[in-house]
Amino acid sequence: MGIQKDIVKFNVGGRIFQTTATTLANAGRDSFFGALFDDNWDLRQHQPNSSQEFFIDRNPDCFAVLLDLLRTGDLYIPSNVPERLLYREAMFYGLIDHVRSAKWGPFDGNRLKLSRSVTGRAPGDGTAIRAGPDGGCCVAHGSMVHVFDWMLEEHPPINLDYQRVNDIGWVNAENVLISACERLGKGDGGMGLFNSSTGDLRHKFNVVHDNQTKSYTAGALSFSPDYKIFASCKGRSNEYGIGVWDQVTGKQMDFFYESPGWSLGDADKLQWLNGSNCLLVATLFPRKDNCYISLLDFREKRMVWSWSDIGALLTVDEKRVRDAIAMEECNSICVVNEYDDLGFIDLRINCGSVRWSSRSRLLKGKMPDEPCYPKLALHNGQLFSSMNDCISVFCGPDWVLTSRLRRSYGGSICDFSIGGDRLFALHSEENVFDAWETPSPPII
Amino acid sequence: MSNQKKRNFQIEAFKHRVVVDPKYAEKTWKILEHAIHEIYNHNASGLSFEELYRNAYNMVLHKFGEKLYSGLVTTMTAHLKEISKSIEAAQGDLFLEELNRKWNDHNKALQMIRDILMYMDRTYIPNSRKTPVYELGLNLWRDNIIHSGKIQSRLLSTLLELVHRERTGEVIDRGLMRNTIKMLMDLGSSVYQDDFEKPFLEVSAEFYKVESQKFIECCDCGDYLKKAEIRLNEEIERIAHYLDVKSEAKITNVVEKEMIANHMTRLVHMENSGLVNMLLDDKYEDLGRMYNLFKRVPNGLSMIRDVMTSHLRETGKQLVTDAESSKDPVEFVQRLLDERDKYDKIICQAFSNAKTFQNALNSSFEYFINLNSRSPEFISLFVDDKLRKGLKGVSEEDVEIILDKVMMLFRYLQEKDVFEKYYKQHLAKRLLSGKTVSDDAERSLIVKLKTECGYQFTSKLEGMFTDMKTSQDTMQGFYANHPELAEGPTLVVQVLTTGSWPTQPTITCNLPTEMAALCEKFRSHYLGTHTGRRLSWQTNMGTADIKATFGKGQKHELNVSTYQMCVLMLFNNADRLSYKEIEQATEIPASDLKRCLQSMACVKGKNVLRKEPMSKDIGTDDAFFVNDKFTSKFYKVKIGTVVAQKESEPEKLETRQRVEEDRKPQIEAAIVRIMKSRRVLDHNNVIAEVTKQLQSRFLANPTEIKKRIESLIEREFLERDSDDRKLYRYLA
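Just so you know, the protein sequences line up as chains A and B, in that order.
Using UniProt numbering, you'd call the opening residue of the first sequence number 1 and step up by one each time.
Using UniProt numbering, you'd call the opening residue of the second sequence number 1 and step up by one each time.
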């Protein structure tokens with residue numbers, strides 16, 4: 001047996017740990033250990049032989065957890081170690097990113113486990129919840145938006161002139177966008193960009209019509225990978241339509257005015273379609289009497305595809321579209337009605353009709369007192385649909401129901417969102433949201 | 001009661017305050033400050049990383065991030081001020097070395113400080129939107145060292161001085177230079193640009209301005225260009241060694257502007273060594289260098305091109321209008337070809353085969369070839385010469401190359417129809433006299449003309465070849481049918497289709513009786529096999545081989561023309577014949593007769609006849625005898641007719657007239673074609689379109705077009721518009 005040269009001995013808060021420099025190298029240069037082993041600080045200078053130990057004045061229990069994380073890549077938090085303390089220690093060593101990426105696995109709708117439920121203090125009904133890119137989320141209630149990081153630690157709440165929030169979105173991990181109602185005559189409301197951790201307002205977006213800055217109500221939001229922001233906008237002199245801003249400069253780039261008889265400025269949902277370079281705009285019942293879904297091409301300023309239920313005969317069970325999502329891979333738009341029936345519209349045919357799937361569960365009769373409209377989401381080929389207090393997961397080419405997520409506390413789910421490998425569901429009655437995540441893959 | 005409550009609350013708050021020692025922040029900062037001092041003093045070995053890291057962490061954790069940050073700024077600034085002093089104190093050449101050493105120290109210290117303050121970098125700085133530690137260190141270095149009054153100007157002048165010394169041939173420490181420049185680049189591209197690049201470019205511009213002035217006074221063009229090229233390469237090399245790659249375009253721009261663009265005109269027109277001299281002396285290397293250097297500056301290439309074009313036009317013009325060269329058509333064309341080869345080679349080797357230069361070459365040739373109206377004739381004569389004899393012993397590929405070159409010249413011709421006329425004449429002569437060397441070469445050229453000008457252009461030429469072939473068959477048939485003719489003179493008839501050949505209506509001369517009978521036999525044979533045809537004899541184009549015995553019994557076979565044969569046959573029955581008697585007996589047209597007598601009586605070595613009086617020219621009163629003293633080394637004697645190879649002046653006029661005559665119907669046809677499709681068109685457009693349509697054959701003369709239009713109006717193909725006299729209408 002040769003003598004292993006890279007053994008390192010630590011005394012952490014009185015407990016002796018022995019490990020190797022190789023294990024510690026997993027921490028990376030930008031960490032406590034990375035600096036410690038750098039030539040500048042040469043550890044061995046203080047530790048001429050392995051019998052001498054290196055003292056660290058920190059919690060030994062947490063060090064044990066983090067050392068195992070560096071050894072195995074797996075995070076196991078024993079019950080005697082409070083999570084918050086562990087996170088703080090990880091922050092000290094510069095290992096917080098290691099902890100985050102080990103905390104939960106890559107997203108899979110069929111393996112989700114409830115991680116935590118967070119109860120807030122907001123007085124009103126929930127409006128929207130949006131998952132952030134690194135596992136955090138923001139929740140809108142009335143005129144307030146609460147921001148949580150991936151540890152589900154709450155940051156200072158944000159608001160835009162205390163105006164009613166219509167939609168929220170993450171521009172990136174540091175910035176949250178809020179769209180809000182205008183206040184007549186005050187220039188309040190509109191759209192604002194906030195620092196997610198400090199809650200500072202960084203930029204307020206303007207709408208300019210005919211070289212005049214106007215106040216406006218901003219509605220649904222969407223982002224494109226080439227750093228554009230899209231928002232449905234309502235001005236006061238029929239300036240309805242979709243505004244486009246540059247994320248970098250914050251300047252308005254474009255405005256797509258709605259044509260008579262078609263609704264854009266009141267949209268419930270915007271979705272940027274990367275493959276076809278188009279924006280999906282959906283305005284739905286009951287915001288309007290009819291449903292309007294269209295695809296806009298901003299390069300040609302043209303509506304390239306549209307669908308509406310104007311003039312369609314309402315059948316006995318009165319299926320009205322309540323949410324819509326484009327699925328570019330399938331060349332179709334998926335819609336859902338208030339009975340959780342899925343329907344599909346072909347994107348290759350203009351003004352086609354909805355093909356409702358026969359999987360009707362006929363929920364009539366057992367509707368809760370305060371129903372929430374169903375919502376749709378798409379992630380990695382899995383389709384998610386919320387109805388009452390549960391979320392259904394559909395997979396495969398025929399969209400078979402494969403899983404159902406339910407947690408019977410807080411009432412119906414009014415909104416949910418997937419991002420940062422997590423799913424967040426916001427309940428309407430109690431002020432509660434749930435975070436669902438995929439556990440780390442099994443050991444074998 | 002309420003008082004007590006308040007008290008309780010105060011106790012609570014007080015308890016909080018005790019946890020943190022009021023001097024905690026100050027104490028902790030002192031430890032860290034001390035550590036920073038030690039790091040700068042190379043004393044870091046006594047420091048405990050864990051302790052410092054923990055202290056910095058605690059300060060941030062207990063909301064003293066601001067204190068930590070501002071303390072760092074103050075301490076680092078103080079150290080940099082010290083450093084600045086020691087750099088300032090460095091003498092002479094040590095200055096840069098000291099600066100570099102301190103920069104390395106600072107970088108190392110910065111890295112260590114950053115390690116200690118890692119937690120602040122990670123948490124406090126992003127949230128308070130401050131500059132991260134590393135960038136802060138760079139910014140402070142920039143503000144306190146690089147931008148400190150004494151160092152800034154000294155650094156710049158040192159760097160520029162080093163560059164200057166290297167330019168003047170000294171060896172400098174490039175490693176030191178590279179490190180210093182890299183430091184400026186690390187501090188941000190704006191630092192590099194403002195503190196070095198901009199002044200560097202200005203100084204370089206000044207340097208090259210002076211140097212180029214010096215060079216241009218004492219060097220010839222080739223040497224100057226060599227020096228400029230060396231300088232350019234040096235600068236590019238300098239960039240690679242120790243400057244930012246982004247500077248390359250900028251510094252080469254400076255050199256290009258100062259050394260080339262500013263002296264372009266002078267270089268090109270430099271006496272005895274400028275562009276024209278390079279072209280004359282085939283200096284490919286210099287020309288290539290000039291091309292590559294001038295390519296880099298705006299308008300550089302167009303200047304070379306313009307000078308080359310005007311020089312080419314000038315020499316070309318001299319060439320084609322030179323009376324001396326017009327004397328020998330073959331030489332004339334050969335010189336054109338040589339000129340073209342020369343420039344082809346220059347463009348290919350020195351001007352990287354640039355399209356624009358090739359176009360300039362073509363347009364120049366087109367310009368001067370057409371200055372001489374005889375160019376079409378000469379080119380045809382050149383081909384004639386080549387196909388008659390010039391191609392003997394030349395491989396097929398070489399023939400193709402020569403023909404291709406000729407075609408190249410042909411393409412430049414505006415009057416392609418004139419060429420066709422001459423070519424037809426020359427081809428006819430070649431075919432009839434059996435002088436053509438290679439049938440393949442003939443056909444190859446016709447194919448080339450066909451691809452160039454279309455079927456119409458060559459249909460008659462091809463007809464001539466067909467006639468030759470058919471005639472052979474006809475003659476075989478004739479002798480097969482008349483076996484009795486095996487004895488006696490042999491007749492070879494070539495039946496030429498009227499229209500395909502450049503025949504002139506000539507009077508048939510009186511053939512000797514033996515021949516006349518033979519011809520009559522052929523006539524009846526031919527007309528017997530081909531009904532509805534008419535034969536007329538072109539005695540001016542034939543040849544004959546006759547056997548003659550002279551006074552001392554010397555026997556020769558004479559190869560003569562039909563006319564000459566007729567004359568010689570007369571001497572079978574007479575010893576002396578006067579010019580008039582010959583003329584009467586043969587009825588050969590006077591000019592032809594004079595020529596044919598001249599060739600038999602006045603050419604030394606070929607003088608089968610004797611003439612009285614002995615003079616060079618034939619007079620109508622001359623008398624002729626058989627020259628009994630005729631001798632020749634050869635058994636076979638070829639007596640050529642004195643034919644001006646080139647056309648004589650009247651003939652030239654005649655050909656021209658015929659060409660003009662032929663053009664008329666072509667112009668008219670073009671006008672009618674255009675008007676038929678356009679219905680109404682104004683005068684200028686008609687002229688333009690006609691010219692365009694006909695330019696593949698000849699350059700139509702506007703006055704001639706106008707005349708044709710008028711003629712067409714007379715014949716009621718067209719009419720003038722009643723309102724606008726400039727407008728023509730097509731009448732169906």
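Rather than coming from a laboratory, the hints here were simulated on the basis of the structure.
For glycine and all other residues, C-beta sits at the position ideal for the given N, C-alpha and C.
Where hints are given, some of them may not hold.
Said to hold, decoys possible - As a list, the in silico EDC-like pairs of lysine to aspartate or glutamate whose alpha-carbon atoms are at most 20 Å apart: (1) LYS130(B) with ASP30(A); (2) LYS9(A) with GLU415(B); (3) LYS706(B) with GLU520(B).
Claimed, not checked - To give an idea of the interface, some chain A residues facing chain B are shown, with a C-beta separation under 10 Å as derived from the structure: (4) ASP30; (5) LEU36; (6) ASP38; (7) ASN40; (8) ILE56; (9) ARG58; (10) ASN59; (11) PHE92; (12) GLU174.
Quick rundown of the hints versus the structure:
{"no.": "1", "hint": "LYS130(B) with ASP30(A)", "result": "19 Å, holds"}
{"no.": "2", "hint": "LYS9(A) with GLU415(B)", "result": "101 Å, violated"}
{"no.": "3", "hint": "LYS706(B) with GLU520(B)", "result": "50 Å, violated"}
{"no.": "4", "hint": "ASP30", "result": "7 Å, holds"}
{"no.": "5", "hint": "LEU36", "result": "6 Å, holds"}
{"no.": "6", "hint": "ASP38", "result": "7 Å, holds"}
{"no.": "7", "hint": "ASN40", "result": "5 Å, holds"}
{"no.": "8", "hint": "ILE56", "result": "5 Å, holds"}
{"no.": "9", "hint": "ARG58", "result": "8 Å, holds"}
{"no.": "10", "hint": "ASN59", "result": "12 Å, violated"}
{"no.": "11", "hint": "PHE92", "result": "6 Å, holds"}
{"no.": "12", "hint": "GLU174", "result": "8 Å, holds"}
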